[in-house]
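S.K.: Please model the entire structure based on the sequences and the hints provided.
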Amino acid sequence: MTSPVEPTAPPVRHRRARWQAAAGLAVLLGVLCLAHRYWPALRSGALRLAVADQSWLLAGAAAATGTWAASALAQQGAVLRKLPGPRLVAAQFAASAANHLLPAGLGAGAVNVRFLMRCGLPAARSAAALAVKATAGGAVRLALLALLAPVCPGLLRLPHPSGTVTAVVLAALALPSLLPLTPWWPRCRRALTAVLADLRALHATPARAAALWGGSLAFAALHALVLISVTRAVALPLAPLQVALLYLAASSAAALLPTPGGIGSLDAALALALTTSGAPGAAVASAVLGYRLLTVWLPLLPGLLVLGVLLRRRAL
2 MTSPVEPTAP PVRHRRARWQ AAAGLAVLLG VLCLAHRYWP ALRSGALRLA
52 VADQSWLLAG AAAATGTWAA SALAQQGAVL RKLPGPRLVA AQFAASAANH
102 LLPAGLGAGA VNVRFLMRCG LPAARSAAAL AVKATAGGAV RLALLALLAP
152 VCPGLLRLPH PSGTVTAVVL AALALPSLLP LTPWWPRCRR ALTAVLADLR
202 ALHATPARAA ALWGGSLAFA ALHALVLISV TRAVALPLAP LQVALLYLAA
252 SSAAALLPTP GGIGSLDAAL ALALTTSGAP GAAVASAVLG YRLLTVWLPL
302 LPGLLVLGVL LRRRAL
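Last residue of the sequence shown: number 317 in the working numbering, and the count goes up by one each step with no gaps.
Check before you lean on any hint, since a few could be wrong.
Computed beta-carbon distance windows for the label pairs [claimed, not checked]:
hint: 1; residue 1: SER253; residue 2: ARG201; range: 21 to 31 angstroms
hint: 2; residue 1: PRO238; residue 2: LEU306; range: 37 to 47 angstroms
hint: 3; residue 1: GLY309; residue 2: THR277; range: 12 to 22 angstroms
hint: 4; residue 1: SER56; residue 2: GLY279; range: 21 to 31 angstroms
hint: 5; residue 1: ALA125; residue 2: LEU48; range: 50 to 60 angstroms
hint: 6; residue 1: LEU306; residue 2: VAL52; range: 25 to 35 angstroms
hint: 7; residue 1: ARG201; residue 2: GLY282; range: 46 to 56 angstroms
hint: 8; residue 1: GLY282; residue 2: ALA254; range: 13 to 23 angstroms
hint: 9; residue 1: PRO238; residue 2: PRO87; range: 36 to 46 angstroms
hint: 10; residue 1: VAL52; residue 2: PRO123; range: 27 to 37 angstroms
hint: 11; residue 1: ARG313; residue 2: ALA254; range: 13 to 23 angstroms
hint: 12; residue 1: ALA125; residue 2: PRO281; range: 43 to 53 angstroms
To be clear, the hints were calculated from the coordinates, so they are not data collected in a lab.
Think of the CB as a built atom: it goes at the ideal place given N, C-alpha and C, for glycine as much as any other residue.
M.R.: Below is the structure:
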């Protein structure tokens with residue numbers, strides 16, 4: 002006798018699609034709520050953006066386009082294996098769109114891991130390559146912050162040293178001694194050891210090291226250039242180096258909040274950084290809207306279409 006066939010669970014792919022759709026809907030509702038609350042400022046900023054200098058906006062769009070090539074260069078530098086160039090750039094374009102559907106970079110991470118695995122790397126090596134790329138990107142941002150902060154003294158207004166800064170410094174000093182006591186420390190230590198080993202191996206090949214650090218530097222610089230171009234377009238009274246420093250500080254702070262693509266967290270951090278620097282509120286709203294328009298909303302639909310094409314062609 003044959004046993005009755007039990008109903009099967011829906012495919013994992015369908016479940017993921019439902020979760021992604023739910024996450025995207027939640028993000029959309031959150032953005033709509035924020036837009037309704039701050040509608041007067043947004044309306045004023047949008048009107049100012051509509052009559053902005055179009056040549057500067059085109060320069061910002063060109064810089065935004067270059068970020069995908071820079072991301073592809075950094076990703077190539079994070080692995081020793083030669084990756085297919087056009088597909089690698091297409092994967093970064095698709096990853097940037099997927100990154101706006103899931104929090105904390107999970108969308109971009111999933112796309113890049115699948116792409117690297119399709120290129121022949123094991124899952125563990127693919128994940129390590131993403132960690133190497135993220136480590137290089139974070140190190141570049143910190144280096145740029147340290148370089149630009151003395152050039153623009155007094156621009157970054159921190160809380161009083163007796164308050165939050167003191168607490169942060171004490172926590173940073175105590176963290177190395179507390180980490181070995183945590184139950185997940187062995188796993189973190191193994192991951193950190195693997196990342197450092199990969200970095201040493203990559204630096205044995207100068208071309209890969211140059212691609213990793215050059216791509217990471219270009220990625221951060223081009224994003225700053227997008228914001229600089231938009232601030233020039235709306236006549237925001239800040240020097241380019243000041244805008245770059247504020248962008249680096251705001252994006253570093255927003256990275257601590259796991260929102261999809263930094264939507265909400267990066268917008269608030271950028272608006273706060275530009276406003277506290279003395280810029281007018283209407284110009285700040287225009288600059289943030291223009292930056293998000295060039296880096297998120299205009300490329301979103303084409304990026305999702307490229308993602309679908311890559312999935313159909315089994316490149317992911």
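S.K.: Each of the hints needs a verdict: does it hold here or not?
M.R.: Results for each hint:
1. Here the CB-CB span from SER253 to ARG201 is close to 26 angstroms, well matched to the stated 21 to 31 angstroms.
2. The hinted range of 37 to 47 angstroms is satisfied by PRO238 and LEU306, whose Cβ atoms lie roughly 39 angstroms apart.
3. At about 41 angstroms, the CB distance of GLY309 to THR277 disagrees with the hint of 12 to 22 angstroms.
4. Range check, SER56 to GLY279: about 26 angstroms between beta-carbon atoms, so the 21 to 31 angstroms window is met.
5. Under the hint 50 to 60 angstroms, the C-beta atoms of ALA125 and LEU48, about 51 angstroms apart, fit the expected range.
6. The hinted window of 25 to 35 angstroms between LEU306 and VAL52 holds, with their beta carbons roughly 31 angstroms apart.
7. A hinted range of 46 to 56 angstroms holds for the C-beta pair ARG201 and GLY282, which are about 49 angstroms apart.
8. Between GLY282 and ALA254 the CB atoms are about 20 angstroms apart, so this pair conforms to the stated range of 13 to 23 angstroms.
9. Between PRO238 and PRO87 the beta carbons are some 42 angstroms apart, a value that agrees with the proposed interval 36 to 46 angstroms.
10. For the hinted restraint 27 to 37 angstroms between VAL52 and PRO123, the CB-CB distance of approximately 53 angstroms leaves it violated.
11. At roughly 38 angstroms, the beta carbons of ARG313 and ALA254 sit outside the given window of 13 to 23 angstroms.
12. The supplied range of 43 to 53 angstroms is met by ALA125 and PRO281, whose beta-carbon atoms lie about 51 angstroms from each other.
Hints 3, 10 and 11, counting from the list given before, are not met by this structure.
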